[in-house]
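Chains as they are written, first to last, in our numbering: chain A, 6 to 337; chain B, 3 to 678.
Think of the hints as simulated: they come from the structure by calculation, not from any bench. Just so it is clear, the structure is predicted and the values come from calculations on it, not from any experiment. Accuracy of the hints is not assured; some may be wrong.
[Stated by the list, open to error] Computed cross-link-like contacts, DSS-like style, restricted to lysine-lysine with a CA-CA straight-line distance of at most 25 Å:
1) B:Lys-439 / B:Lys-413
2) B:Lys-628 / A:Lys-48
3) B:Lys-182 / A:Lys-63
4) B:Lys-439 / A:Lys-48
5) B:Lys-542 / A:Lys-291
6) B:Lys-281 / A:Lys-63
7) A:Lys-81 / B:Lys-303
8) B:Lys-628 / B:Lys-409
9) B:Lys-125 / B:Lys-542
10) A:Lys-48 / B:Lys-303
11) B:Lys-298 / A:Lys-81
12) B:Lys-621 / A:Lys-63
13) A:Lys-291 / A:Lys-63
14) A:Lys-81 / B:Lys-304
15) B:Lys-542 / A:Lys-63
16) B:Lys-238 / B:Lys-182
[Stated by the list, open to error] Estimated spans, in silico, between C-beta atoms of each pair:
17) A:Ile-167 / B:Glu-210: 57 to 63 Å
18) B:Thr-540 / A:Gln-16: 47 to 53 Å
19) A:Ile-77 / B:Lys-413: 51 to 57 Å
20) A:Ile-7 / B:Glu-217: 41 to 47 Å
21) A:Ser-189 / B:Thr-540: 33 to 39 Å
22) A:Gly-221 / B:Pro-402: 45 to 51 Å
23) B:Lys-100 / A:Trp-104: 48 to 54 Å
24) A:Pro-187 / B:Thr-540: 52 to 58 Å
25) A:Leu-21 / B:Gly-99: 55 to 61 Å
26) B:Ala-554 / A:Gly-221: 44 to 50 Å
27) A:Gln-181 / B:Lys-405: 20 to 26 Å
28) B:Lys-542 / A:Ile-77: 36 to 42 Å
29) B:Gly-99 / A:Gln-181: 24 to 30 Å
30) B:Pro-103 / A:Ile-167: 47 to 53 Å
C-beta: ideal position from N, C-alpha, C; glycine also.
If you want the building blocks of each chain, they are given just below.
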Amino acid sequence: MINYISYRLLQLIPLLVAISIIVFVIIQLPPGDFLTNYIQQLKLSGNDVSESAILNLKQQYGLDQSMIMQYIYWIKDIVLHGNMGRSFQFNMPVADVIWPRLGLTVTISLISLVFVWLVAIPIGIYSATHQYSILDYVFTFIGFIGVAVPGFLIALVLVYFIFIETGVSVTGLFSQQYLDAPWSMARVLDMLPRMILPVIVIGMASAASLIRVTRGMLLDELSKQYVITARAKGVSEGKLLFKYPVRMAINPLISTIGWTLPALISGEVIVSIVLNLQTTGPMLLKALMTQDMYLCGSFILITSVITVLGTLLSDILLAAIDPRIRFGGVGE
Amino acid sequence: MKVKRRFLAAVLVTALILTAALTGCDSGSNSGSKSNTANNSKNDANKPATTDTTNNASTNDAATNDASTNNTTNNTTTDKPADGQISEFHQSSYFDGKNLPDVKDRLPADYKITNEMNEDQLKYEVGTYGGTLRTVTSVANWDADVFVMDNEPLLNTPSILGEKITGNVLKDYLLSDDQKSISFQMRQGLKWSDGVPVTTEDVRFTVEDVLNNPELTPIFPLYLRSGGVAEGAPMKLEVIDDYNFKLTFDRPYGGLLIRLAIQGWRGYTELLKPAHYLKQFHKKYTPLADMEPAIKAAGFKKGEWVNLFNYKDITNWKLNHSEAVGFPVLYPWMVTKATKSVTTYERNPYYFKVDTAGNQLPYIDKIESTLVNDIEMVSLKTIAGEVDFSRESAALVKMPLYKENEKNGYKALLNNMHVTPTDLFLNLTYDNPNWQKVVQDVRFRKALNMAINRQELIDTIYYGFAQPGSIEDPTFDLDEAGKLLDDMGLKKDANGKRLGPDGKVFTIPFEVGAQAPDIVPYTQLIAEMWRALGLNVTMKTIDQTLWGTRLAANDIQATVIWTHTPLWYMGDWGQANWAPVWDQWHSSSGKNGKEPPEDVKKFYAKIDEAMAAKPDDAKRLIEEVKQMMKDNVYYFIPLSDVKQPLIVSDKLHNIPADSSFAIATDFSGEQFFFGK
Numbered sequence: 006m007i008n009y010i011s012y013r014l015l016q017l018i019p020l021l022v023a024i025s026i027i028v029f030v031i032i033q034l035p036p037g038d039f040l041t042n043y044i045q046q047l048k049l050s051g052n053d054v055s056e057s058a059i060l061n062l063k064q065q066y067g068l069d070q071s072m073i074m075q076y077i078y079w080i081k082d083i084v085l086h087g088n089m090g091r092s093f094q095f096n097m098p099v100a101d102v103i104w105p106r107l108g109l110t111v112t113i114s115l116i117s118l119v120f121v122w123l124v125a126i127p128i129g130i131y132s133a134t135h136q137y138s139i140l141d142y143v144f145t146f147i148g149f150i151g152v153a154v155p156g157f158l159i160a161l162v163l164v165y166f167i168f169i170e171t172g173v174s175v176t177g178l179f180s181q182q183y184l185d186a187p188w189s190m191a192r193v194l195d196m197l198p199r200m201i202l203p204v205i206v207i208g209m210a211s212a213a214s215l216i217r218v219t220r221g222m223l224l225d226e227l228s229k230q231y232v233i234t235a236r237a238k239g240v241s242e243g244k245l246l247f248k249y250p251v252r253m254a255i256n257p258l259i260s261t262i263g264w265t266l267p268a269l270i271s272g273e274v275i276v277s278i279v280l281n282l283q284t285t286g287p288m289l290l291k292a293l294m295t296q297d298m299y300l301c302g303s304f305i306l307i308t309s310v311i312t313v314l315g316t317l318l319s320d321i322l323l324a325a326i327d328p329r330i331r332f333g334g335v336g337e
Numbered sequence: 003m004k005v006k007r008r009f010l011a012a013v014l015v016t017a018l019i020l021t022a023a024l025t026g027c028d029s030g031s032n033s034g035s036k037s038n039t040a041n042n043s044k045n046d047a048n049k050p051a052t053t054d055t056t057n058n059a060s061t062n063d064a065a066t067n068d069a070s071t072n073n074t075t076n077n078t079t080t081d082k083p084a085d086g087q088i089s090e091f092h093q094s095s096y097f098d099g100k101n102l103p104d105v106k107d108r109l110p111a112d113y114k115i116t117n118e119m120n121e122d123q124l125k126y127e128v129g130t131y132g133g134t135l136r137t138v139t140s141v142a143n144w145d146a147d148v149f150v151m152d153n154e155p156l157l158n159t160p161s162i163l164g165e166k167i168t169g170n171v172l173k174d175y176l177l178s179d180d181q182k183s184i185s186f187q188m189r190q191g192l193k194w195s196d197g198v199p200v201t202t203e204d205v206r207f208t209v210e211d212v213l214n215n216p217e218l219t220p221i222f223p224l225y226l227r228s229g230g231v232a233e234g235a236p237m238k239l240e241v242i243d244d245y246n247f248k249l250t251f252d253r254p255y256g257g258l259l260i261r262l263a264i265q266g267w268r269g270y271t272e273l274l275k276p277a278h279y280l281k282q283f284h285k286k287y288t289p290l291a292d293m294e295p296a297i298k299a300a301g302f303k304k305g306e307w308v309n310l311f312n313y314k315d316i317t318n319w320k321l322n323h324s325e326a327v328g329f330p331v332l333y334p335w336m337v338t339k340a341t342k343s344v345t346t347y348e349r350n351p352y353y354f355k356v357d358t359a360g361n362q363l364p365y366i367d368k369i370e371s372t373l374v375n376d377i378e379m380v381s382l383k384t385i386a387g388e389v390d391f392s393r394e395s396a397a398l399v400k401m402p403l404y405k406e407n408e409k410n411g412y413k414a415l416l417n418n419m420h421v422t423p424t425d426l427f428l429n430l431t432y433d434n435p436n437w438q439k440v441v442q443d444v445r446f447r448k449a450l451n452m453a454i455n456r457q458e459l460i461d462t463i464y465y466g467f468a469q470p471g472s473i474e475d476p477t478f479d480l481d482e483a484g485k486l487l488d489d490m491g492l493k494k495d496a497n498g499k500r501l502g503p504d505g506k507v508f509t510i511p512f513e514v515g516a517q518a519p520d521i522v523p524y525t526q527l528i529a530e531m532w533r534a535l536g537l538n539v540t541m542k543t544i545d546q547t548l549w550g551t552r553l554a555a556n557d558i559q560a561t562v563i564w565t566h567t568p569l570w571y572m573g574d575w576g577q578a579n580w581a582p583v584w585d586q587w588h589s590s591s592g593k594n595g596k597e598p599p600e601d602v603k604k605f606y607a608k609i610d611e612a613m614a615a616k617p618d619d620a621k622r623l624i625e626e627v628k629q630m631m632k633d634n635v636y637y638f639i640p641l642s643d644v645k646q647p648l649i650v651s652d653k654l655h656n657i658p659a660d661s662s663f664a665i666a667t668d669f670s671g672e673q674f675f676f677g678k
């Protein structure tokens, strides 16, 4: 087992190097760089930025170096100093931009995840046990809508209706006075009601699909021999249901936890933009659009590392459960 | 258990049905908001408008005027006290208990009395102190509304019209008769926001140690060369005493005055930097070894003092930046706190303007600029009444939305716009002989100009809030246009398509970036109009950055973007857009690019002459430039006088009338105040 894990860990190193190179190259592919963007922005606003200033900025941002040198500087700083470079847009270290947003993103994603499970599993179970009942049809119908309608659209509609009805623009996670305040009880209380909308919107689509998955899995289980046997032996319906079939039915949830990790930190990009959440998704999008390369490079790198680690985690879990996998890779 | 489950189910069903119902209703609002996403930059800050100068500058020629004359010329109340006659000064209670010197000692002896707007544009009221102005931006480290409000030029042109040029940060100027030197007088007792006096030492430092230091300024700014042209020698500075200095040139350059006043939003930082602060980052004054810790802290490599200096030197276009905190300024408000979501500006205790009652400006204590993810969020916050001032992100297409929600505490005004809505460019120097042969023929451009139905553009895209442009002939005559093309020998094929000299269908491929919401529909309409002549016109929308890169590389054949051309006499005439290669030749004095034909050279020479001339001569010269433009139609300026929405809180006073420019209103922000 130890061998297997260390073998997998060693595999990670070339993988991460490859990822970081690909990320960096892809970000640099579009024409121009952050500076051309920035200068264009200033010029369209009527500013006359002198050529000297542009040259100086190029030098200041290190954009006068070749792409290879820029990559080497960036990766060297990460490895040796844990410094991910500077965000051009915000003009501050990348870490200072990413970490606070990451905290909020994880919070929202976790709450959404819990919300999804709390809603979807009971409904899934109900639908499966009451197959072809009226409520099952209703849930099925709603479930398909939830899967089909994109989250940002639901967000837009909700924001629109809440504004029309109340005149309040329900956007952002904090009201103005708490936007940059240090964490306090008051700030948390300010945030909680504002979390409801994003949590519902973000949770909606996955809840709908989860309902379908749970229902399908459970239906499979319910028709199996052991259920029929148990029922024949007079086990009560409730116990019969929860003792085995439900545990089997929610298995997919547990085996996909590995994939959930990167999703937790990348957040729902479009929904966050529509709702103006200070999460990582919009930050990444904007960074890509303005070619703020160290910011997007570092963020994508972090996501990649977490994805890789998540996969490793599920592999280890699987290996722990299933000996065939353990021996497959190494041949002990 | 069962009961609980049923209850839970029922609640969920209700919630979900509700959502599903809501989802059905709203394709309208969604598509509406989407069509506006590209709005960001058009309504931008910028180049001030207009017409030309009158005789003001020449009155200044006569003798060094007493600044009081200068300052009071445009004041709205008739009986304004001259400088030095205000006996008592007042300050905002914001400064109470902050341990500052008395307000009288903080103000310069040569304080400036606002306001410099024409009376028909603003009925000035003496205001009251206090309040926080809320603005919203969707770009990190940049808020054009606050930028325009805060920026202070060295000289001023009231209402941004260019008609007069008065002192601003500098008290006054005197242009010599031969226009080869300009003497400037500074305000005695003017202080940086940290209380240190502003003197000619700051000017000397800026010119000698920054502008003339090739490490810090690798390319000497074109506009500071004599005559504002590449072959002109760099200006020379002569320091006379603590408050007087002189710039001299080897050829006439009265046009520098208007450039310092408004062109390109030049702030005072171009010639005036806080020497006492910046010397600590300059190698000439501080040993490199002493700077190393600061260089390291700013994240640069050992010995990179140039990078450190440029990072610490907050030029005017960086005034919104987070690193501007603590930098000595002369603006009404200075950045005091900048986070990733809010930038806070607080009033400058040493600001040099007062109102007629002796109240130190600005009236408003604080500005809070919030960063949102998306331009649409700006609109939502605006209509919810969470924004006190918004010009940059306001778009004409959203006017009905703004009007509908005015009950939420703001007013949506419709002011004049300082740029043309959109001009059409054919690249006369695009590298293709067949294309050049056609587009360089003036008959072709005249024909296309004649095929533009201006009224249709105005009605369809600008809801009637625009006028046909006056620089070029606005006649719409398809038959005549068709004849011109026939004359040129552009024959039609069997399908009615015009063939180029190479015998293939002649195509005009528009490539546009969606910098403003009107650009795409505008181009579509133009394409339809030109297709009526038998031309094959295509359109492609590309990313704005790609657009900029391709344009600079002479890769775009036809495009659409706004300019300041017809409004403002020192406008840029879009040279870089209609003939990039000739423009390179011109701006490098013939070193790069290709030599243009005679008529274009004359056109360039006339523009140069106008730009270098003192304002009243420039006015006459620019009429000649316009005539050349009319004769040659180098590019198309179909419309002018478009309107710009301006959102202001309904509590704000001293907002100029609708007839003024939206940007001029923005520029006079220090006189806004919140009414009770």
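Okay, the hints, checked on the actual structure:
1. B:Lys-439 / B:Lys-413: Violated, because 52 Å separates the two Cα atoms, which is more than 25 Å.
2. B:Lys-628 / A:Lys-48: Roughly 24 Å between the alpha carbons, so the hint for Lys-628 (chain B) and Lys-48 (chain A) holds.
3. B:Lys-182 / A:Lys-63: violated, 35 Å
4. B:Lys-439 / A:Lys-48: Violated, at about 32 Å.
5. B:Lys-542 / A:Lys-291: holds, 23 Å
6. B:Lys-281 / A:Lys-63: Holds - the C-alpha atoms of Lys-63 (chain A) and Lys-281 (chain B) are around 23 Å apart, at most 25 Å.
7. A:Lys-81 / B:Lys-303: holds, 14 Å
8. B:Lys-628 / B:Lys-409: Since the Cα atoms of Lys-628 (chain B) and Lys-409 (chain B) sit roughly 45 Å apart, the hinted pair is violated (cutoff 25 Å).
9. B:Lys-125 / B:Lys-542: Violated, at about 47 Å.
10. A:Lys-48 / B:Lys-303: violated, 30 Å
11. B:Lys-298 / A:Lys-81: holds, 16 Å
12. B:Lys-621 / A:Lys-63: violated, 38 Å
13. A:Lys-291 / A:Lys-63: Given pair Lys-291 (chain A), Lys-63 (chain A) holds - Cα atoms ~20 Å apart, limit 25 Å.
14. A:Lys-81 / B:Lys-304: holds, 16 Å
15. B:Lys-542 / A:Lys-63: violated, 31 Å
16. B:Lys-238 / B:Lys-182: holds, 11 Å
17. A:Ile-167 / B:Glu-210: 57 to 63 Å: Given about 60 Å between the Cβ atoms, the range holds.
18. B:Thr-540 / A:Gln-16: 47 to 53 Å: For Gln-16 (chain A) against Thr-540 (chain B), whose Cβ atoms are near 50 Å apart, the range 47 to 53 Å holds.
19. A:Ile-77 / B:Lys-413: 51 to 57 Å: The hinted range 51 to 57 Å holds for Ile-77 (chain A) and Lys-413 (chain B), with Cβ atoms some 55 Å apart.
20. A:Ile-7 / B:Glu-217: 41 to 47 Å: Violated - the Cβ-Cβ distance for Ile-7 (chain A) and Glu-217 (chain B), about 58 Å, lies outside 41 to 47 Å.
21. A:Ser-189 / B:Thr-540: 33 to 39 Å: violated, 58 Å
22. A:Gly-221 / B:Pro-402: 45 to 51 Å: holds, 48 Å
23. B:Lys-100 / A:Trp-104: 48 to 54 Å: violated, 35 Å
24. A:Pro-187 / B:Thr-540: 52 to 58 Å: Given range 52 to 58 Å: holds, Cβ gap about 56 Å.
25. A:Leu-21 / B:Gly-99: 55 to 61 Å: holds, 56 Å
26. B:Ala-554 / A:Gly-221: 44 to 50 Å: violated, 57 Å
27. A:Gln-181 / B:Lys-405: 20 to 26 Å: holds, 25 Å
28. B:Lys-542 / A:Ile-77: 36 to 42 Å: holds, 37 Å
29. B:Gly-99 / A:Gln-181: 24 to 30 Å: With Cβ atoms ~26 Å apart, the hint holds.
30. B:Pro-103 / A:Ile-167: 47 to 53 Å: Because 51 Å falls inside the window, the suggested range holds.
Violated hints, listed in ascending order, are 1, 3, 4, 8, 9, 10, 12, 15, 20, 21, 23 and 26; each of the other numbered hints is respected by the structure.
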